[in-house]
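Kindly generate the complete structure, drawing on both the sequences and the hints.
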Amino acid sequence: MKPERQIRATIVDVAREAGLSIGTVSNYLNGQTVRRSNRYKIETAIAALSFSRNQIAVSMKTTKSRLVGMLVPSLSEFHGAIVEKISAELQDQKRALLTYCHNKDPAVMAYALNFFQEQRVCAIIVAGHSGLEGRLLDFSKYGIPIIGLTNDSPDVPMYRVLTDSTDAARKAVGYLSGLGHREISVITGDLNEATARERFGGYRQGMEEWGLPLDDRLVIPGHYQSSRAYAALERSFSTGRKPSAILSCSGSMTFGALRFFRDAGMQVPADISLISFDDSRAFQLRDAPITVLAQPTEDLARTVGSVISRCADSEDQIHPSIEVKSYEFVKRESCLAFETSSKIEKT
2 MKPERQIRAT IVDVAREAGL SIGTVSNYLN GQTVRRSNRY KIETAIAALS FSRNQIAVSM
62 KTTKSRLVGM LVPSLSEFHG AIVEKISAEL QDQKRALLTY CHNKDPAVMA YALNFFQEQR
122 VCAIIVAGHS GLEGRLLDFS KYGIPIIGLT NDSPDVPMYR VLTDSTDAAR KAVGYLSGLG
182 HREISVITGD LNEATARERF GGYRQGMEEW GLPLDDRLVI PGHYQSSRAY AALERSFSTG
242 RKPSAILSCS GSMTFGALRF FRDAGMQVPA DISLISFDDS RAFQLRDAPI TVLAQPTEDL
302 ARTVGSVISR CADSEDQIHP SIEVKSYEFV KRESCLAFET SSKIEKT
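Per our numbering, the very first residue in the sequence shown carries number 2; after that it's consecutive.
No lab work stands behind these hints, which were simulated from the structure alone.
The reader is advised that the hints may include incorrect statements.
Derived DSSO-like pairs (lysine-lysine); straight-line CA-CA distance at most 27 Å [what the hints assert, rightly or not]:
| hint | residue 1 | residue 2 |
| --- | --- | --- |
| 1 | Lys105 | Lys142 |
| 2 | Lys105 | Lys86 |
| 3 | Lys332 | Lys243 |
| 4 | Lys172 | Lys326 |
| 5 | Lys86 | Lys243 |
| 6 | Lys172 | Lys332 |
| 7 | Lys172 | Lys95 |
| 8 | Lys105 | Lys243 |
| 9 | Lys172 | Lys243 |
| 10 | Lys95 | Lys243 |
Label-pair restraints from in silico Cβ distances [claimed, not checked]:
| hint | residue 1 | residue 2 | range |
| --- | --- | --- | --- |
| 11 | Ala283 | Ile23 | 46 to 56 Å |
| 12 | Ser228 | Ala108 | 14 to 24 Å |
| 13 | Asp216 | Arg263 | 22 to 32 Å |
| 14 | Ala108 | Pro290 | 38 to 48 Å |
| 15 | Gly20 | Ala265 | 50 to 60 Å |
| 16 | Pro297 | Gly20 | 45 to 55 Å |
| 17 | Gly175 | Ser51 | 44 to 54 Å |
| 18 | Pro155 | Arg121 | 43 to 53 Å |
| 19 | Gln94 | Ile23 | 39 to 49 Å |
| 20 | Gln94 | Gly175 | 39 to 49 Å |
| 21 | Lys142 | Ser66 | 11 to 21 Å |
| 22 | Asp288 | Pro214 | 28 to 38 Å |
Quick reminder that beta carbons are idealized off the backbone N, C-alpha and C, glycines included.
If you want it as structure tokens, here you go:
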């Protein structure tokens, strides 16, 4: 007796599952605007029926293009620079980069992946992603290389090009400890993301390693946003707990911190020492340039380009690999020895 053949879901099945008209589902699949509530119903039905997987299977049987899809959370200074450098690497390979800024919106991520599928991309680069594991598994299943850039999805077979955020944060705390600081705050990113957790974990490791007090009141949730970092600092400092130094886990949150210090009449480093993840030209133009943990953008871009060159046209099975890069600790003028800063504050 032959095994029963699984019947593939159709657009009619999706419409029935979602409780919507075929026309509404067709509009969604063709990239047209549909109401948010309907979009949620359609995406839920697609996932339940594995409809998207079947569509990917069909499209990926066709010839791959010379296009590479890239998902980034924003075009911040770091992501803008990395997009520019990866694009240059791909030009040398006669490839082009399709970039989508997802702003951590799952619907935008899903739309971008559908678009990449339609364009038959030869590889996908993902940064700042979460909740995409199912769709990424679809692409990897059909031989499309996935490159995770500075953010990991352990359950997806992908090439990982990462930075050692944990060690960088640990070393930053050690540097501040060496300057005599004991009350060191951290401004955290979105702890749902791997990179944010790694940076916070490195901070905790450093505090424990150098025998510094771990206190929840020293943890300031900034969620990778300047305005939220400002508000969180305002709340924290209003309690009377004022650290002598701060490690900010992203450049955008550092800008929020600098605005707060200005409005509070505080000066860096006379009143508080500061280290930031991510570099910025603006940090270098300050009277006291900011000490930073800079991402190695050129090295990251070269490595991503090398992975795509090796794998994008290959028919071989994807073998996950990991390459970990180190941050550059750029010491500038935003940190003072604790005794020195205390004396300046008293004068």
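Results of checking the hints against the structure:
no.	hint	result
1	Lys105 <-> Lys142	24 Å, holds
2	Lys105 <-> Lys86	22 Å, holds
3	Lys332 <-> Lys243	23 Å, holds
4	Lys172 <-> Lys326	15 Å, holds
5	Lys86 <-> Lys243	40 Å, violated
6	Lys172 <-> Lys332	12 Å, holds
7	Lys172 <-> Lys95	40 Å, violated
8	Lys105 <-> Lys243	32 Å, violated
9	Lys172 <-> Lys243	22 Å, holds
10	Lys95 <-> Lys243	54 Å, violated
11	Ala283 <-> Ile23: 46 to 56 Å	52 Å, holds
12	Ser228 <-> Ala108: 14 to 24 Å	23 Å, holds
13	Asp216 <-> Arg263: 22 to 32 Å	26 Å, holds
14	Ala108 <-> Pro290: 38 to 48 Å	40 Å, holds
15	Gly20 <-> Ala265: 50 to 60 Å	53 Å, holds
16	Pro297 <-> Gly20: 45 to 55 Å	50 Å, holds
17	Gly175 <-> Ser51: 44 to 54 Å	49 Å, holds
18	Pro155 <-> Arg121: 43 to 53 Å	28 Å, violated
19	Gln94 <-> Ile23: 39 to 49 Å	41 Å, holds
20	Gln94 <-> Gly175: 39 to 49 Å	41 Å, holds
21	Lys142 <-> Ser66: 11 to 21 Å	19 Å, holds
22	Asp288 <-> Pro214: 28 to 38 Å	31 Å, holds
The structure does not agree with the numbered hints 5, 7, 8, 10, 18 stated previously, though it agrees with the rest.
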